[in-house]
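Between the sequences and the hints, there should be enough to build the whole structure, so can you do that?
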Amino acid sequence: MRRAFSMMMAITVMVIMMGVSAMVFTLSNKIIFATTTQFQKEQAILLAKSYTEFTIMSITGNSGITGGATCVDGVDGKIEGIKIGTSATGDVDSGMGYRVATRVSYIGNNITCTNLNSRILDTNLTTNTSPNVIIDVYVEYRDANFHRSGDAPWITYHRRTLQKI
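Residue numbers (numbering that gives the first Met the number 0): 0 to 164.
Keep in mind that a hint or two might mislead.
[Said to hold, decoys possible] Using 30 Å as the maximum straight-line C-alpha spacing, the simulated DSBU-like pairs for lysine-lysine come out as follows:
id, residue 1, residue 2
1, 163, 40
2, 163, 77
3, 40, 29
[What the hints assert, rightly or not] Quick list of the computed label-pair ranges, beta carbon to beta carbon:
id, residue 1, residue 2, range
4, 157, 9, 51 to 61 Å
5, 12, 90, 13 to 23 Å
6, 19, 160, 42 to 52 Å
7, 5, 151, 48 to 58 Å
8, 0, 22, 45 to 55 Å
9, 5, 145, 47 to 57 Å
10, 92, 160, 41 to 51 Å
11, 154, 10, 45 to 55 Å
12, 151, 60, 33 to 43 Å
Just so you know, the hints here were simulated from the structure itself, not pulled from any lab data. Note that the coordinates shown come from a computational prediction; the quantities given were computed from them, not determined experimentally. For every residue, glycine included, the Cβ atom is placed at its ideal position computed from N, Cα and C.
Shown next as structure tokens:
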């Protein structure tokens, strides 16, 4: 009787430990997914800030605002080769990287852009000496936690900036 009771207690403790270890594995899996998702979103935010600054530098370096040349419509780019957790490289469409698209709208009374693709918004609210731009940055990436990387839907982070030039 005594040996049977000890055996039953050992089996009960083992079953309880299996349940606890299963809960720990499930919780750690959820934490890894949340960390990966947070990393991708933070990376998209940083890329949006960087592309905003790069677009502003492109606009100020171009004489199209007042000189009659072509204005900057936008800056597009692909950041490839980012595969979380490994040193391997991959392309954006398979879920290992980011696509960035930047669109620029000009606000002002005397902007003389010659290209037809730029959006020029005439208004009386600004003077001729202070042109402004609206910069829309779209950063797209695929969810790294999706079970089929190529079929994962695109996640888009959007940032809009109004900048006085």
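So, going through the hints one by one against the coordinates:
no.: 1; hint: 163 / 40; in the structure: 28 Å, holds
no.: 2; hint: 163 / 77; in the structure: 27 Å, holds
no.: 3; hint: 40 / 29; in the structure: 17 Å, holds
no.: 4; hint: 157 / 9: 51 to 61 Å; in the structure: 58 Å, holds
no.: 5; hint: 12 / 90: 13 to 23 Å; in the structure: 51 Å, violated
no.: 6; hint: 19 / 160: 42 to 52 Å; in the structure: 50 Å, holds
no.: 7; hint: 5 / 151: 48 to 58 Å; in the structure: 52 Å, holds
no.: 8; hint: 0 / 22: 45 to 55 Å; in the structure: 34 Å, violated
no.: 9; hint: 5 / 145: 47 to 57 Å; in the structure: 49 Å, holds
no.: 10; hint: 92 / 160: 41 to 51 Å; in the structure: 27 Å, violated
no.: 11; hint: 154 / 10: 45 to 55 Å; in the structure: 47 Å, holds
no.: 12; hint: 151 / 60: 33 to 43 Å; in the structure: 37 Å, holds
Hints 5, 8 and 10 from the list above are not met by this structure, while the remaining hints are.
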